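Peer 1: Under our numbering, think of the first position of the sequence shown as 334, with each following residue one higher.
Hints listed in this document are in silico derivations from the structure and should not be mistaken for laboratory results.
One thing to keep in mind: the hints can contain errors.
Stated by the list, open to error - Below, simulated SDA-like cross-link-like pairs (lysine to any residue); rule was C-alpha separation at most 20 Å, straight line:
| id | residue 1 | residue 2 |
| --- | --- | --- |
| 1 | K376 | T452 |
| 2 | K481 | G563 |
| 3 | K351 | F338 |
| 4 | K567 | V476 |
| 5 | K363 | A381 |
| 6 | K472 | E555 |
| 7 | K472 | V535 |
| 8 | K515 | T546 |
| 9 | K472 | G566 |
| 10 | K515 | K481 |
| 11 | K481 | V542 |
| 12 | K624 | N669 |
| 13 | K567 | R355 |
| 14 | K438 | E391 |
| 15 | K363 | K515 |
| 16 | K472 | P446 |
| 17 | K363 | R539 |
| 18 | K472 | Q487 |
| 19 | K376 | S395 |
| 20 | K366 | Q495 |
| 21 | K472 | I352 |
| 22 | K376 | P446 |
| 23 | K481 | Q495 |
| 24 | K366 | R355 |
| 25 | K567 | P446 |
| 26 | K515 | T468 |
| 27 | K515 | R719 |
| 28 | K363 | E343 |
| 29 | K515 | E564 |
| 30 | K366 | V496 |
| 31 | K567 | G531 |
Claimed, not checked - Pairwise CB distance ranges, derived in the manner of DEER restraints:
| id | residue 1 | residue 2 | range |
| --- | --- | --- | --- |
| 32 | N463 | V535 | 18 to 24 Å |
| 33 | E604 | T354 | 19 to 25 Å |
| 34 | N498 | M627 | 43 to 49 Å |
| 35 | G711 | K513 | 47 to 53 Å |
| 36 | K513 | Q619 | 58 to 64 Å |
| 37 | D609 | G711 | 35 to 41 Å |
Note that this is a predicted model, so its numbers are computed, not measured.
For glycine and all other residues, C-beta sits at the position ideal for the given N, C-alpha and C.
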Amino acid sequence: MDFAFTANQESIRDAVAKICTRFDDAYWLKKDKEGGFPADFHKALAEAGWLGICIPEEYGGSGLGITDAAIMMRTISESGAGMSGASAVHMNVFGLNPVVVFGTKEQCTRMLPPIVAGTDKSCFAVTEPNTGLNTTQLKTRAVRNGEKYIVNGQKVWISTAQVANKILLLARTTPLEEVKRKTDGISVFLVDLRAAGGALQVNPIRTMVNHETNELVFEGVEVPEENRIGEEGKGFRYILSGMNAERILIASESLGDGFFFIDRATQYARERIVFDRPIGQNQGIQFPIAKAYMGIEAARLVRDRAAQLFDTGQEAGTESNMAKYLASEAAWEAANVAMTTFGGYGFAVEYDIERKFREARLPIVAPVSNNLILSYVGEHVLGLPRSY
Numbered sequence: 334m335d336f337a338f339t340a341n342q343e344s345i346r347d348a349v350a351k352i353c354t355r356f357d358d359a360y361w362l363k364k365d366k367e368g369g370f371p372a373d374f375h376k377a378l379a380e381a382g383w384l385g386i387c388i389p390e391e392y393g394g395s396g397l398g399i400t401d402a403a404i405m406m407r408t409i410s411e412s413g414a415g416m417s418g419a420s421a422v423h424m425n426v427f428g429l430n431p432v433v434v435f436g437t438k439e440q441c442t443r444m445l446p447p448i449v450a451g452t453d454k455s456c457f458a459v460t461e462p463n464t465g466l467n468t469t470q471l472k473t474r475a476v477r478n479g480e481k482y483i484v485n486g487q488k489v490w491i492s493t494a495q496v497a498n499k500i501l502l503l504a505r506t507t508p509l510e511e512v513k514r515k516t517d518g519i520s521v522f523l524v525d526l527r528a529a530g531g532a533l534q535v536n537p538i539r540t541m542v543n544h545e546t547n548e549l550v551f552e553g554v555e556v557p558e559e560n561r562i563g564e565e566g567k568g569f570r571y572i573l574s575g576m577n578a579e580r581i582l583i584a585s586e587s588l589g590d591g592f593f594f595i596d597r598a599t600q601y602a603r604e605r606i607v608f609d610r611p612i613g614q615n616q617g618i619q620f621p622i623a624k625a626y627m628g629i630e631a632a633r634l635v636r637d638r639a640a641q642l643f644d645t646g647q648e649a650g651t652e653s654n655m656a657k658y659l660a661s662e663a664a665w666e667a668a669n670v671a672m673t674t675f676g677g678y679g680f681a682v683e684y685d686i687e688r689k690f691r692e693a694r695l696p697i698v699a700p701v702s703n704n705l706i707l708s709y710v711g712e713h714v715l716g717l718p719r720s721y
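Turn these sequences into a full structure, and let the hints guide you.
Peer 2: Here it is, written out as structure tokens:
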């Protein structure tokens, strides 16, 4: 297997990195302090055509694979944008996969080009306050009323909802007690907030990182039947189709974080002089950085394998989950190493370590907890009894 980038992949990395240089540490530090969606960053990527990297060319996208998208997301994160920048972009890559794969040609033609152009912004509404990752227990209901559905319920931890005008929504259309299988009776809708009737409350949740995270409350929101994606009741399967892509992209963003920490820690360890010698000469500093680097590189190889399987249409669930686990854990280790290398200065806002340190903790618990990934591997790979 050739692990080198192709010429096209190198051009993707270089082109995205060039855009990212316009948004330096000071930009992201200001976003971290003030909050809000990085609209100008999002616009710059849209104008360059990157928001539709995995959307078919016939709908305005580039028609590239998840491997190429992974390169883009790692580059964004590694630039210093981290999860704050990545979360403004990655919904366009994996979130609309159900529309691309299961939507009608009319739906794709209507829904996808505005996302690629950046004139529409979307968010992904699955998680609920009292169900967490137990998706089959969703309480949000979409009840058919003629040629439309009436939606009532709550969603939580929804990124970019304050600026989005489209919501990819997962809701139960048949009560749980009326279906044969728990995964049945769940449907996917693309809610157009400019046209939907009823009321939708967007309640911001203050968190320790700037991810513009929200709770959504649907009260009689009307969604036309034409905005249901695929068959009624088959939505759980549709959503799962995009989860492996999500895992790969989150892994890529964690890798970007990890390489950011390694680069900053290495540079500081060369330059910081204590007791008349660079601190990087001391094994107590040098060895942890080297160990963290090896962890990041190992995780990268698993991520590459997961992306290759996904792009060739093979089963990628195990590798995608393992890549997300390994990359997020390796990035967190690198974060701790960088913090130790910088010492007290690591806590100073101006060095950007503490900002990225906070962000690096998120992928360990979201969008899926690493403990649940361990459960997945234990049950589905090792054949152990289900633990939950």
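Peer 1: So, against the hints stated earlier in the document, which numbers end up violated here?
Peer 2: Violated: hints 5, 8, 10, 11, 13, 15, 16, 21, 23, 25, 28, 31, 35 and 37.
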